[in-house]
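Student: Chains A and B are the protein sequences, given in the same order.
Start counting the first sequence at 1; every next residue gets the next number (the UniProt record's numbering).
Start counting the second sequence at 1; every next residue gets the next number (the UniProt record's numbering).
Accuracy of the hints is not assured; some may be wrong.
Since the list gives no way to pick out one identical chain from another, each pair is judged satisfied if it fits inside one copy or across any two copies.
As the list claims (entries may be wrong) - Okay, derived cross-link-like pairs now, DSS-like style, lysine-lysine, Cα gap no bigger than 30 Å in a straight line:
| no. | residue 1 | residue 2 |
| --- | --- | --- |
| 1 | 120 | 275 |
| 2 | 303 | 120 |
| 3 | 345 | 120 |
| 4 | 109 | 334 |
| 5 | 256 | 306 |
| 6 | 306 | 331 |
| 7 | 345 | 144 |
| 8 | 167 | 306 |
| 9 | 53 | 249 |
| 10 | 303 | 249 |
| 11 | 334 | 167 |
| 12 | 256 | 345 |
Just so you know, these hints were derived from the structure itself, not from any lab.
Quick caveat, the model's predicted, so the values are computed rather than measured.
Protein chains: 2
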Amino acid sequence: MSHSSFSMPRRHLLAGTASALAAAGLASWTNGAAAQSTAAKPLPGYAGWKNPKNVIVHSANTIETRRSAFGTSVITPVDQLYVRNNLPPPDASIVENPDDWEITIEGVKNPRTLTVRELKTLGLETVATVLQCSGNGRGFFPSKPSGTPWTVGAAGCVVWSGVPVRKVIEALGGLVDGVPYMTGTGGEKLPDGVDPKSVVVERSVPVAAAQDALLAWELNGQPIPLAHGGPLRLIVPGYQGVNNIKYIKRLAFTPKESEARIMANSYRMAPPGGKGSPQHASVWEIPVKSWINSPSGEGGPVKAGKVQIHGVAFGGARALRSVEVSVDGGKTWKEARLIGPDLGKYAWRQFVFEAQLPAGEYVLASRAVDVEGNVQPEHRIENDRGYNNNSWADHAVRVQVA
Amino acid sequence: MSHSSFSMPRRHLLAGTASALAAAGLASWTNGAAAQSTAAKPLPGYAGWKNPKNVIVHSANTIETRRSAFGTSVITPVDQLYVRNNLPPPDASIVENPDDWEITIEGVKNPRTLTVRELKTLGLETVATVLQCSGNGRGFFPSKPSGTPWTVGAAGCVVWSGVPVRKVIEALGGLVDGVPYMTGTGGEKLPDGVDPKSVVVERSVPVAAAQDALLAWELNGQPIPLAHGGPLRLIVPGYQGVNNIKYIKRLAFTPKESEARIMANSYRMAPPGGKGSPQHASVWEIPVKSWINSPSGEGGPVKAGKVQIHGVAFGGARALRSVEVSVDGGKTWKEARLIGPDLGKYAWRQFVFEAQLPAGEYVLASRAVDVEGNVQPEHRIENDRGYNNNSWADHAVRVQVA
């Protein structure tokens with residue numbers, strides 16, 4: 001059965017919300033056809049400081065880093081880091097006095113509202129994470145799922161500073177009983193005339209993820225910009241981007257998962273044509289993944305001789321063990337060398353593979369393995385919305401050597 | 001003997017060069033009185049993309065990161081990284097096609113000129129380093145030495161990618177015999193009518209430093225901007241900034257140190273009032289150092305109660321072992337906690353010390369120790385030009401808690 005025969009019901013399902021958003025002047029914030037156009041678009045105002053050369057603007061809410069722009073230095077500069085918003089960001093005034101931002105903590109023995117200023121007295125930690133949209137790699141699905149057709153650029157490796165969530169829990173007397181989930185709610189203004197549950201950005205993750213989570217106010221050494229969730233963002237290391245709630249206004253430890261659509265129905269691993277529901281796995285942990293950034297085939301033929309093939313590899317929720325490279329489309333593999341500083345288990349590593357390549361055509365691929373032995377698979381897991389693509393075959397590149 | 005009684009001979013010595021530079025329209029590039037003004041100045045054109053809020057512009061060749069802007073995330077964003085040039089940078093056109101830049105390698109068995117494009121085939125490595133001007137901390141010298149009065153902001157921790165110098169040596173047949181120095185020459189245009197040796201940016205370091213050195217084309221994930229030495233910069237990890245030659249056009253393994261003034265006379269640990277010469281130690285290795293970035297006393301009184309005191313610490317040429325904090329001006333010390341990813345021996349670490357501070361006045365200080373047991377000293381080494389200040393007392397801050 002082809003995918004297209006299944007697409008009608010899903011579109012139908014979304015129609016009510018889309019109409020309401022259109023009425024609220026927010027039509028461009030949905031994942032509609034407009035987001036799929038590849039024509040060059042201007043940067044939206046709230047991200048106007050991004051480097052236009054290094055990004056692809058899919059829509060006002062979806063901006064991708066170019067594969068050629070990743071470089072080799074581990075850290076992704078903020079001015080080329082991808083953006084994916086589920087709603088328009090709040091007014092920029094919220095980042096003018098970031099210490100005044102308030103967050104309500106619930107599901108602890110002494111629930112209360114805290115300012116960022118108060119959070120800053122409770123503790124300080126820094127963590128480097130792969131930040132990745134769960135739809136990264138969607139563009140490689142032949143079924144063309146609805147949503148932005150990201151290739152590799154809805155990801156980056158960045159450094160966050162903030163207070164450990166466990167320090168906040170501790171300061172508020174510990175968790176109440178029976179709360180297996182940590183639920184974060186974004187501070188976006190919700191459009192009128194729409195069921196809040198259908199649009200609110202609210203996600204739940206297993207409470208165990210709180211152990212390494214941060215309430216962060218800094219990104220790569222500077223206050224978090226509005227485009228990336230400032231003044232305060234929930235960082236859940238090892239979890240796909242959508243779980244890292246921007247402008248977080250409420251952090252609750254809850255008996256159940258949120259009933260918001262973004263949790264209950266979207267970001268679910270439903271089969272092609274299926275409707276996402278709580279019976280399907282949510283896009284939580286980032287699976288092991290890697291890809292080659294250079295040569296990528298984009299810059300024309302490569303000169304025959306010694307070539308430094310390089311890319312990024314990460315274990316996602318687990319540390320990376322190793323990465324292999326193939327220059328023959330996956331027939332044979334050899335271990336690549338990890339270079340540069342190791343920023344910890346949630347960061348990516350840069351890898352290099354030195355090859356002698358005579359003139360010809362090559363299919364270059366990389367395949368990562370995490371510390372638990374999970375191997376990046378050849379094939380993607382087919383799913384309706386094109387999530388969690390870590391197929392090494394999809395990420396391989398065809399390169400001419402002359 | 002006061003310092004001022006010694007200052008005349010040095011000024012006299014420099015007068016010839018200063019006049020020639022003035023004639024060439026380059027007067028603002030000397031370390032004269034103009035550089036010491038604290039009035040707000042505009043960013044120079046080649047660094048116009050820096051974030052003006054986070055820097056202090058001392059002059060067209062000297063831009064400092066504000067102490068309050070360092071943040072807590074290990075990496076210093078390039079848009080607030082300090083700048084110190086000894087000559088105006090070359091024309092910006094050199095960074096338009098960075099792969100075309102050429103460097104001549106000498107003192108190897110097969111000397112030759114290589115393009116960046118060719119260097120990129122020879123190897124790839126990434127290293128995080130503290131980049132620090134040897135004059136950082138000069139502003140704390142009561143003797144007010146000539147030169148920019150940097151406090152803490154002529155330093156940053158950044159990530160470089162490029163080819164290891166040892167890979168280049170290997171590709172060119174190895175070193176010739178009898179070359180104890182690695183000498184780099186910058187690609188700046190020299191003013192007419194001046195003895196080239198008096199102005200050329202050419203520095204020698206012990207050849208052992210080549211082991212970890214890079215010829216780098218990338219800084220924090222992007223091509224090195226002109227302001228930071230792009231398209232190609234020599235990175236000598238663990239060595240003070242002046243040894244990291246910008247726009248490097250020649251890398252020579254040499255029997256002797258360069259006779260350029262910047263090597264033979266400047267950047268020497270001459271006694272106060274003395275004239276720098278090869279008999280005095282050159283500013284090579286970075287000594288162990290740390291300082292507190294927050295609270296710094298700049299933002300007004302701190303609220304009484306729990307306070308997260310944080311700053312940066314580095315071993316310089318050696319890895320950092322630990323860092324202690326004092327809240328009583330150095331009478332008593334307690335070990336601080338190192339946070340965040342460890343980017344390797346040449347990087348700095350962020351440290352945090354959680355203190356309960358009742359209302360009162362405090363002098364906060366930090367003291368680092370490197371892996372060889374070198375302890376950051378209480379007192380600076382007095383020297384004519386104010387180099388290598390790693391005194392913990394000079395870097396202490398006075399803070400009101402209310």
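Student: Take the hints in turn and mark each one as holding or not.
Tutor: For each hint, the structure was consulted:
no., hint, verdict
1, 120 - 275, "neither (42 Å within a copy, 49 Å between copies)"
2, 303 - 120, "between (52 Å within a copy, 11 Å between copies)"
3, 345 - 120, "both (25 Å within a copy, 29 Å between copies)"
4, 109 - 334, "neither (53 Å within a copy, 32 Å between copies)"
5, 256 - 306, "neither (56 Å within a copy, 34 Å between copies)"
6, 306 - 331, "within (21 Å within a copy, 59 Å between copies)"
7, 345 - 144, "neither (32 Å within a copy, 47 Å between copies)"
8, 167 - 306, "between (51 Å within a copy, 13 Å between copies)"
9, 53 - 249, "between (34 Å within a copy, 28 Å between copies)"
10, 303 - 249, "between (53 Å within a copy, 24 Å between copies)"
11, 334 - 167, "between (43 Å within a copy, 21 Å between copies)"
12, 256 - 345, "within (29 Å within a copy, 45 Å between copies)"
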